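Take the two lone chains, each set in its own frame, and fit them into one complex as the hints suggest.
Listed in order, the protein sequences are those of chains A and B.
For the first sequence, my numbering assigns the number 230 to the initial residue and increments by one for each residue that follows.
For the second sequence, my numbering assigns the number 140 to the initial residue and increments by one for each residue that follows.
If you're looking for bench data, these hints aren't it; they were derived computationally from the structure.
Hints are all accurate, no fakes.
With a straight-line Cα cutoff of 16 Å, these simulated EDC-like cross-link-like pairs (lysine to aspartate or glutamate) come out:
no., chain 1, residue 1, chain 2, residue 2
1, A, K285, A, E305
2, B, K180, A, E237
3, A, K278, B, E242
4, B, K159, B, D227
5, B, K153, B, E226
6, A, K278, A, E305
Quick partial rundown of chain A residues pointing at chain B, CB under 7 Å, derived from the structure:
no., residue
7, G272
8, L273
9, A325
10, G326
11, A328
12, F331
13, K333
Please read these numbers as outputs of a predicted model, since none were measured by experiment.
Glycine included, each C-beta is placed from N, C-alpha and C at the ideal position.
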Amino acid sequence: GDSVTQMEGPVTLSEEAFLTINCTYTATGYPSLFWYVQYPGEGLQLLLKATKADDKGSNKGFEATYRKETTSFHLEKGSVQVSDSAVYFCALSLQAGTALIFGKGTTLSVSS
Amino acid sequence: GAVVSQHPSRVICKSGTSVKIECRSLDFQATTMFWYRQFPKQSLMLMATSNEGSKATYEQGVEKDKFLINHASLTLSTLTVTSAHPEDSSFYICSAKKTENNEQFFGPGTRLTVL
Chain A
230 GDSVTQMEGP
240 VTLSEEAFLT
250 INCTYTATGY
260 PSLFWYVQYP
270 GEGLQLLLKA
280 TKADDKGSNK
290 GFEATYRKET
300 TSFHLEKGSV
310 QVSDSAVYFC
320 ALSLQAGTAL
330 IFGKGTTLSV
340 SS
Chain B
140 GAVVSQHPSR
150 VICKSGTSVK
160 IECRSLDFQA
170 TTMFWYRQFP
180 KQSLMLMATS
190 NEGSKATYEQ
200 GVEKDKFLIN
210 HASLTLSTLT
220 VTSAHPEDSS
230 FYICSAKKTE
240 NNEQFFGPGT
250 RLTVL
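Excised from the complex, chain B in its bound form (with noise of 0.2 Å):
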């Protein structure tokens, strides 16, 4: 049990289109979710916090209204990237928190490239 699934695993886009990525938990419910970022050689680097029926909360630096994040329900968070350049090029990656125990279960990521 606990597993995550991403959906697309990869996509290709052009310069200016949006692109829009789901985070699903298959055999739990999660009322949250991470959304994390990795640069090639870099750490997974945390983007928002998704709650279940509540705006996410963003860290610092990340632009809400580029990455837009929906979780309507207890097993589907998605992030959509707005108008999508070549720099947000990266490897994207969701986590499902398990309420009864805190623990996350993580996707197997999202690689976008935006040409």
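So here's chain A without its partners, still in its complex pose (with noise of 0.2 Å):
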């Protein structure tokens, strides 16, 4: 079935430290691919998205491309900061406004 699978965590980094966060995906079809992030005591939050091959998504200095060739969408910062610490999770969605599949979360902690 359809599932995303993403590097196990923890991630710890000093800060200014390169970021990569790997995320595969098995699915039928053309997902989109998303990567959220959940600050401690918070939802969820949309980071970044693409909804198709090639796109590159991005936001506050996060990165991802989506590979179809490879069925990755994997999550990348050249420089993390301390405020960068929280929980990252990649899901997709097969088609437009349906629920999520996501993966398990990589839990990053950056350290000053």
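In structure tokens, the structure reads:
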């Protein structure tokens, strides 16, 4: 069935380090892909998205490119900050407006 | 804008009792809301899709008589866990879909502990 696999955490980095969180998916058709972030005590927030192959989503210094050939949507940031510490979820949607299929989430901890 | 609240944020109850969780879209109308469940170190799993004014659609394996969903208005959906048991202990998260662009906005979640 349709699924999302993302790297196990926690990921621990020093401030200004480079971040990559891997995400791969299995889906029929052409899904839309998303990264959500959950800060402590808050709800999930959309970080970025891409709706078709080769699209790049970007926001707050984070980027992810929809790679159909490798069925991947890896999240990257060139220089992380302490305030980026959160749980990051990769997700897909098979059709606009339908429920999301999530990965397990990756906890990122950034220290100064 | 586009804020979704959940109440309560945490609840502890005795086995056999029922618990109601509310999900509200505070500044937009949502004809569709989704209820997810998250076990520790697991994905969010969709439980049901709640549509305003009609019956909810449940995912396979989710007991509709145990998890009662009511979406009586365009800003409120409720999930009632009936006759709760310890295995129902989990983190329940709702999302509300904004009609104009299909984007989903998530609530902060409700931690249910059944003793």
